[in-house]
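So the sequence lines, in the order shown, correspond to chains A and B.
Going by this note's numbering, the letters in the first sequence line up with residues 3 to 159, in that order.
Going by this note's numbering, the letters in the second sequence line up with residues 69 to 846, in that order.
Worth flagging that the hints you see were computed from the coordinates, not collected in a lab.
From a predicted model like this one, the values you see are computed outputs, not experimental measurements.
Any given hint could be a false lead.
Unchecked claim - Taking lysine-lysine and the DSBU-like style, the derived pairs with C-alpha atoms no more than 35 Å apart in a straight line are: (1) Lys22/A x Lys196/B; (2) Lys721/B x Lys22/A; (3) Lys90/A x Lys770/B; (4) Lys346/B x Lys127/A; (5) Lys515/B x Lys22/A; (6) Lys181/B x Lys140/B; (7) Lys196/B x Lys12/A; (8) Lys12/A x Lys122/B; (9) Lys196/B x Lys770/B; (10) Lys127/A x Lys515/B; (11) Lys196/B x Lys181/B; (12) Lys140/B x Lys127/A; (13) Lys127/A x Lys181/B; (14) Lys515/B x Lys90/A; (15) Lys22/A x Lys770/B; (16) Lys82/B x Lys196/B.
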Amino acid sequence: MRITFELNGKRVECEARPNKTLLDLLRADLGLTSVKKGCEQGECGACTVLLDGAPVNSCLVLAPQVEGRAVTTLDGLVDDPLMAALRKAFMEDGAIQCGFCIPGMLLSAYALLRENPRPTEEEVKTAIEGNICRCTGYIKIIEAIMDAAERIQNERP
Amino acid sequence: MIELWDGASMEYDKILENLLGRDDYLVVGHSVVRTDALEKALGRARFTADYIPKGTAVVKVVRSSQPHARIKVDVKAALGVPGVLAVLTAADVPGHNQIGYALPDQPFLNGEKVHYIGDPIALVCAEKEYAAAEAVDAVEVEYDPLPASFTLDAALQPDAEPIHEGGNVAVTTRIRKGDAERGFSAAEVEVEDTYETPYQEHMYLEPEAAYAVPEGAGKVTVVGTMQSPFLVREKVAHVLGWNLSQVRIIQALTGGAFGGKDDMGPLVCAKAALAAVKLGRPAALVFDRDESVAYTPKRFPARIRYRSGADGEGRITAVEVDITVDCGAYANRAPFWLWRMTAHAAGPYEVENASVDGRAVYTNKVFGGSFRGFGDVAIHFAAESQVDRLAEELGMDPVEFRLRNVLRPGSRTTCDQLLDHSVGMEECLRGAAEAAGWKRGRELGRKGSRVRGVGVGCAYHGISTSRSTPDWSAASLILNQDGSFTYRTGICELGQGSPVGHAKIVAEIIGAPLSSIRIEVPDTDSTPNAKPTHGSRGLMLGGTAAADAALKLRQRMISVAAEMLGCPEADVDLREGRAFNRQDPSEEVSFAELAEELYVRGVSPAAYGFYTSPRRFYDPETGLGVNYSVYTFAASVVEVEVDTETGQVDVVKVWPAMDVGRAIDPLMIEGQIHGAVSQGIGFTLMERLVVEDGLVLNPNFKDYVVPSALDTPEVAETIIVEEPYRHSAFGAKGVGEPAIISIVPAIANAIHNATGLRFNTLPITAERLYAALRRRKP
Ligand code: FES
Ligand code: FES
C-alpha cells in the first residue's frame with residue numbers, strides 16, 4: 003500500500019506491505035541505518051524514533067500507522083541546537099562506547115529535554131529506562147544528559 | 069625491551085623519560101574525546117547489518133530441536149520452496165567441517181549427530197527473509213534420540229551417554245604447590261563450601277551478523293561482527309578449504325562483544341562465506357535476538373568446591389579447590405577457561421600450600437564461551453566469599469584479613485610465579501577501603517524494612533596468554549604526504565576503545581595531534597596481524613606494537629629533520645605536528661614538509677611495528693612456572709540496601725580501584741569500570757538464563773533481564789593505581805576484563821553484611837533472598 007508521511011521534515015511517499023514495521027521501512031527501504039535493530043521485540047530501544055515528537059520503538063510500529071504523521075530520526079536533527087548540545091555532552095563525557103544504543107538513547111534524551119528542560123536524575127533514568135546499553139553502565143549517559151540540560155539552560159538568555 | 073639505534077636498549081615503560089626527554093605526558097594519561105565518538109553520535113557509524121544492500125541473498129540456520137540425537141537430513145522439500153536458492157548441509161562443506169576452537173569436537177554443520185538444542189544442521193539461502201524462514205521449516209530432520217545429560221552430575225555418571233568420543237570429561241587441570249594437608253594442620257580455622265555460578269548471556273546490543281561477497285575467482289570478502297579478524301580468516305579458509313590469502317575479512321564496527329563475538333565471529337562469517345561462494349553472489353546472515361540468546365555461547369557455568377584455612381595471625385595456610393566447568397555441548401574455550409580458574413584459584417593472595425583440581429564436562433546444553441573476566445569471575449566469587457568467612461571465623465575485619473595475605477612485589481602466585489613488579493593489589497585495596505570510609509564501621513543500620521551493608525572484593529587477572537605461551541602483536545603506521553598518519557591494527561573496536569588508546573600512544577611518541585591519526589578498520593588484506601582482541605591484551609599487546617611502529621618512524625623522521633634543520637639529531641623534538649630544534653624552537657619544519665622530504669629521499673614513510681612478549685618458563689607437569697606475563701589488580705567496596713520485605717537488593721554505591729599499570733585514558737578506564745559494574749550487578753543479582761531439558765526458555769530482553777538505567781548505582785571516582793609493567797608501552801595493562809571480577813563477590817559480601825545471609829550460588833534474586841529471609845525467621 004501507499005504511505006505518505008513526513009520524515010525528518012520532508013514529505014515522503016512510499017510503497018509498503020501493511021505488515022512491514024516502521025523500522026524495516028526506515029532501514030531497508032529508505033536507507034536510514036542510524037535506526038538500529040537490536041531485538042524487534044520492543045525491548046531494547048535501539049530502534050527508537052520520534053513519532054510526532056514522542057519516542058517510540060519503531061519495531062513495534064507498522065508502516066501504515068505513520069500515515070500523515072511526522073517521523074524524526076537522528077539524521078533529521080543534525081543541526082538542531084538541543085541535539086547538538088546532547089551530542090557534545092555525550093562525546094565529552096565519555097558516554098559513547100560501541101555506539102549501537104546511542105542513536106536511540108540520544109532521541110529518548112532529546113524527547114525528554116524538549117518536554118522537561120531541567121530533569122532530575124531520576125527523571126533522566128526513567129526517560130531512558132527503555133533504552134538498553136550493555137557497555138556504559140549508563141552512568142556517563144545520565145551525566146551527559148544532565149550536562150546537556152544545564153548547558154542549554156545556561157545558553158538561554 | 070626496545071633495541072635503540074645506538075646499540076643501547078630500554079624498557080617500554082620508560083619511553084617518556086629515556087627517549088622523549090620530557091617529564092610530562094602530552095596525550096597519555098589525559099582524557100580525550102574519542103576519535104570515533106562523532107560518527108557514533110551522528111548515527112553514521114556503520115555496523116555489519118548497515119552494509120547489507122537490498123537484493124543480498126538471505127541465509128538462515130536450520131537448527132536441532134533435540135538435545136542429543138543421531139540425525140538424517142532431507143532437504144528436498146526445502147529446495148522446492150519458491151525463492152529458495154540453496155540448502156547447504158555438511159556434505160556441501162568443501163574444506164573441513166571440524167571447527168572446534170580448542171578441541172576437535174565441533175562440526176561446522178552437523179550431519180550425523182546433534183549435541184544441543186540449536187546445533188546447526190543446514191543453511192538455507194533464499195531471495196527473501198520469508199522464503200528462507202519457510203524453507204527452514206521445510207528441511208526434514210529425522211531424529212533418533214540419544215540419552216541426554218543436562219547436569220554435571222548426570223554427565224559424570226559412569227553410564228552416561230558420551231556426548232563426544234572419549235567421554236564427557238573434555239579436559240582436566242591440576243596444580244600442587246607446597247603441601248595442602250600440612251597447611252590445614254597449621255590452620256586455626258577452616259571453611260568449606262560449594263559455590264555455583266550460572267550462565268551469563270552477553271546481551272550485546274548488536275546481534276551477530278556477517279555479509280559475504282564472492283570476488284573474482286577464488287576470493288571472498290566478509291564484513292562481520294567479530295573480535296579477531298585473523299582467527300575469522302583462518303576459520304573461513306578452513307571451512308572453504310582455501311588459502312588464507314583467498315579470504316578477506318573486514319571487521320565492521322562491532323556493537324558490543326564482551327568475548328561473545330570472539331566465538332561467534334568465525335562461526336557466523338564462515339556461514340555467510342560458504343553461502344556466498346556456493347551461490348556465487350553476495351549473501352548475509354543476521355541473527356534474531358532469540359537466536360543470539362538461545363544458541364550462542366555464554367559464560368560457562370561452574371561448580372567450585374572450596375576448602376581453605378587460616379592461622380591465628382590471619383594468614384591463609386592452605387586452599388584445596390575442586391573446579392568443575394560445564395562446557396555445554398562443545399569444549400570451545402573451556403580448556404583456557406578452566407586453566408584460568410585453576411591458576412587464579414587462591415585469589416590475589418599469597419598461599420603457600422595449594423591443591424587445585426579441575427575438569428570441564430560436556431552436557432547437552434548450549435555451549436559456553438568467552439565472556440569478560442573469563443573464569444576469574446566465578447573463581448573469585450568463591451575465593452572472596454571464603455576469605456570473608458575465614459575473617460569472620462577469626463573475628464577479624466575482612467579488609468585487615470585481606471591485607472595480611474595480598475600478593476605484593478616479591479610474592480609468589482599459586483603457580484609459584486614470582487611477581488617482581490607491577491603488583492598494586494595492596495594499594496587498590498587500601499585505596500578503595502579508605503575512599504569508602506571502611507574504618508567508620510560497617511554498621512549502617514536499618515530504615516524500616518531496609519537494611520544496609522558493605523562488602524569488599526579483591527581480584528587479579530592474568531593478561532593475555534597463559535602457561536608461557538608466546539604472544540605477539542603487529543601494527544602499521546604510515547606518514548602521508550600531507551603530514552597526516554594512517555594507523556592500522558587488527559585489534560578491534562568493540563566499544564572499549566583500544567584502537568583509540570593505540571592512537572594516543574602513537575601521538576605521544578611521534579608528536580602528532582591525535583586528530584591527524586586516522587585509525588583504519590581492520591581488514592586482513594592490509595592490516596597487520598595483531599592477534600585477537602581478547603584476554604585484556606588489546607591495549608597492552610596491540611598498543612606496544614603501535615609504540616614499536618611509532619618509535620621506528622620517529623627515528624627516521626628525526627634523522628631527516630635533523631638534516632633539514634641543520635642540527636644534531638639529539639636536538640630535534642617532534643610535537644604538535646612539527647619537528648623543531650630544541651635549542652631554537654623557531655627553527656621548525658611541519659610534518660607535511662618533513663613527509664615530502666622522506667618521500668623524496670626514499671626514506672620509508674611506513675613502519676611495521678612488532679611486539680612479542682618476553683620468554684617465560686612453565687612446567688606442564690606441576691602447573692608451576694611463569695603463567696601469565698603480568699596481572700591487573702582490582703578492588704571494590706560496595707554498599708547495598710536490602711529490602712527485607714521483598715528481598716530486593718539495591719546496589720547503592722561502588723568504590724572501585726584498579727592497578728592499570730599506566731592509565732592511557734582515565735575516562736575510558738572509567739567507562740570500562742562502569743560497564744563492568746553494571747554487568748556485575750546483572751550477574752550477581754538479576755540475570756538468569758532458564759534452561760529446561762536443554763531448552764532456553766527466556767531468549768529475549770523481556771525475560772532475561774539485564775540492568776537498565778534504573779539499576780544504576782552511584783560509582784565513586786575510580787582510584788587508579790599505576791604500577792607500570794616493564795614490557796608494555798608506557799607500562800599499561802588491560803582493564804576491561806578485570807573490572808568485573810571484584811564487583812561480584814563485593815556485592816555478595818555486602819549482602820551478607822546487611823542480612824547475615826551467605827549465598828553460595830548466583831544470581832541472588834529477590835525471590836531467593838526473600839525465601840532465605842523467611843526461612844531464617846523463627
Ligand atoms: S529493535 Fe525495537 S526495541 Fe529493540
Ligand atoms: S554503547 Fe554499546 S550498547 Fe550502549
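Sort out which numbered hints this structure fails and list those numbers smallest first.
Numbers 2, 4, 5, 12, 13, 14, 16 - these are the hints that the structure violates, sorted from lowest upward.
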